[in-house]
Amino acid sequence: MHQTHHATELHQTSHSHHQEHHVIAVGTYFKIYLVLMALLALTVGAYYMDMGSHGINLVVAMTIAVVKAVLIVLFFMHVYYSAPLTWVTAAGSLLWVGLLLVFLLADYISRGFLSILGK
Amino acid sequence: MQTASTPTMPDAGGRQILLSHFDDLDQQHLSSNLGMWFFLVSEVMFFSGLIAAYAVYRAQSPVAFELASKHMDLVIGFINTLVLLTSSFTMALAVRCSQVGDNKGIVRYLIATGVLGTVFLGVKATEWKAEIDHHLFPGAHFVVPAEDAKAMQEASVGPDGQLDRTLYARTLGHFQMMFALYFFMTGVHAFHMIVGIAAVGIFAVLAQIRWFSGYGTTQIEVLGLYWHFVDVVWVFLYPLLYLIG
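Chains L and C, in that order, give the protein sequences. Note that numbering that gives the first Met the number 0 numbers the first sequence so that position 12 is 11, with each residue one more than the last. Note that numbering that gives the first Met the number 0 numbers the second sequence so that position 75 is 74, with each residue one more than the last.
Bound conformation, chain C alone (with noise of 0.2 Å):
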């Protein structure tokens, strides 16, 4: 059975094995280009329940929101967005390589790609660090600055000049769930941009090995369409987390 890709094995000009399963090339590319686009869809709406549960919250106590916001480092993501749109161009230029069979220029953006996504990364642990260490971790060690508390007291008074105690417990908690939200959101990105670098990383040794019939267009798309989405959810998570108010 193992002849039955032999006469499809690559030839001078690079051409990619054509699994027995599929028709042609076409139908295999995007079958593959579909089962991604599938996996993204689902993981479209992973990141969605968590927007959403940010969307009431956030409606609920933009007060609190507000002031949770002011203790991420506008900068920093700055920096980051940047890092990270740049990794997406890095990325789409492997891409390309691929399809016009610049063996080389895979191999070297690909590195680009898993380099700025490190940095990234690493950028991102050492924003976690000074949060944590400013008790900014939601749990039993996580503190309510005394600025924000009494900025959210003074929100929390009514009409009447009374302070309403459900309406300030209810903020106080909010504030606190903005880091919940904020630590699992940035986390479970970054969970992806771990897989995302590791996958680069394999592609680049198998690019550099010549692994691939075909200069690996397909997969190599495949793995750029994933790379892409993980920038683009954090082109949402920016504004959202760092950019309030």
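One chain only, chain L, in its complex shape (with noise of 0.2 Å):
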């Protein structure tokens, strides 16, 4: 058990330099709240244009909804600043629900494509 103890405390002095993660200025924080403000403000106001279409003004919608996300999981959940692994994984949420919803629309929308029985 003295062994383990002690292998533990060398650790800990050889890389307690890392330890120290970077901190966002609260300016920084500040600036991005002011711009998520901004964005929701946008996206009410998008919502009261008129697009042309319906379909024009859920992209508008989503596209700024996709912003304000990016921005907070970036700066607010600090993955600008972590480790690989983080964003790794952080992407890979993407992916998978790119993957759900690509697919799963490509089956409905292509269903009328061809009059086939028991399609």
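Treat the hints with care, since some could be wrong.
Claimed, not checked - So, partial list: chain C residues that the calculated Cβ filter (under 10 Å) puts toward chain L:
| id | residue |
| --- | --- |
| 1 | 37 |
| 2 | 43 |
| 3 | 46 |
| 4 | 91 |
| 5 | 241 |
Unchecked claim - Pair ranges (Cβ atoms, derived):
| id | chain 1 | residue 1 | chain 2 | residue 2 | range |
| --- | --- | --- | --- | --- | --- |
| 6 | L | 108 | C | 31 | 38 to 44 Å |
| 7 | L | 82 | C | 149 | 55 to 61 Å |
| 8 | L | 51 | C | 102 | 51 to 57 Å |
| 9 | L | 79 | C | 156 | 48 to 54 Å |
| 10 | C | 145 | L | 40 | 32 to 38 Å |
Treat the hints as calculated values from the structure; they're not laboratory data. Using N, Cα and C, we set each Cβ at its ideal position, and we do this for glycine too.
Join these two chains into a complex; the hints should help.
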């Protein structure tokens, strides 16, 4: 037991210079917050704008939402300053959502393409 | 065995305790962080299932979704989004305080986050009450408002001028489905908020009594990840449920 104890101590000493994490300035957080507020106002503004079709409105609204989410993930959740493994994990969730939505909708959209019985 | 962590007890500089199964504090921090991230990825998939269902029904009956969305209060939704984004800001500041060792700041910002979260839930509850009172909760008491039924009937008239009864029935069904999705999505989101507020409250007390070593940097950051995730979910729910058409 004494040996483990000693090893732990050694490890910590040799790596202790790593333990400082990137501290983001309050001003940066506040700027991100203001941008999020502006994007929120933009979402509501875009809702009142007539863009010709509801499809375009949806694309605009979702694009703004994605930008907001990316800002929150990168800065509020510190992914921008995190280890590559955290990056991969966060990006992985996007990949799976993409696969789910793309294949599901591709199926539903293409069902009417051919009039095959039992399709 | 208890003594294994003794030499790494917090010193005057407020260093974190290193648990014996980790090599160093960095590894310990990354492990906790990744653990929360893996959970959040599974949560993303959970909410994506609902959003996928939403996408399919909305693609089939855009008119029904548009009419249903008109019953949701855009201004209340806007205020709630504002409140939630602000709570994310205060949460980010609480995490920052834990990084720079400002214990009072941690407690203050965690309380602010919890209060804002509670405000969100309060607003949400009044909103639900109004909708339930208007018979818009799916189930036996659900009533399609007459003007919406009329609009959906008009939208279901085929090119030959005849009412397409199948289409009309499906549109009416999907009108109710929009409310099923709305109550389920916002309900599950509210459940996540309740869990988050409870955790934030507990963490505020723990920070106040200095229960954490090293100002709980890792723990509070991981809690922050969860809180921000719940905020991100709302960022998508707001335009999808309130801002259609």
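Next item on the list: Please verify that hint: residue 37 of chain C, Cβ, nearest Cβ of chain L, below 10 Å or not.
Entry: holds (7 Å)
Next item on the list: With a cut-off of 10 Å on the beta carbons, see whether residue 91 of chain C makes it to chain L.
Entry: Holds, about 5 Å.
Checklist line | chain L contact restraint on residue 46 of chain C - CB to CB distance below 10 Å | finding: holds (9 Å)
Margin query: Please check whether residue 51 of chain L and residue 102 of chain C have a Cβ separation lying inside 51 to 57 Å.
Written below: holds (55 Å)
Checklist line | CB-CB spacing for residue 31 of chain C and residue 108 of chain L relative to the 38 to 44 Å hint | finding: At 42 Å between Cβs, range holds.
Margin query: For the hint 48 to 54 Å, verify it against the beta carbon of residue 79 of chain L and that of residue 156 of chain C.
Written below: holds (53 Å)
Notebook entry, point to check: Does residue 241 of chain C pass the interface hint, meaning its C-beta sits closer than 10 Å to a C-beta of chain L?
Noted result: Residue 241 of chain C check passes; min Cβ-Cβ to chain L is 8 Å, inside 10 Å.
Check: Using the C-beta atoms of residue 82 of chain L and residue 149 of chain C, is the stated range 55 to 61 Å upheld?
Finding: holds (58 Å)
Margin query: Given the hint of 32 to 38 Å, is the C-beta distance from residue 145 of chain C to residue 40 of chain L inside that range or not?
Written below: holds (35 Å)
Check: Can the hint on residue 43 of chain C be confirmed by a CB-to-CB distance to chain L that is less than 10 Å?
Finding: holds (4 Å)
Checked against the numbered hints above, the structure breaks none of them.
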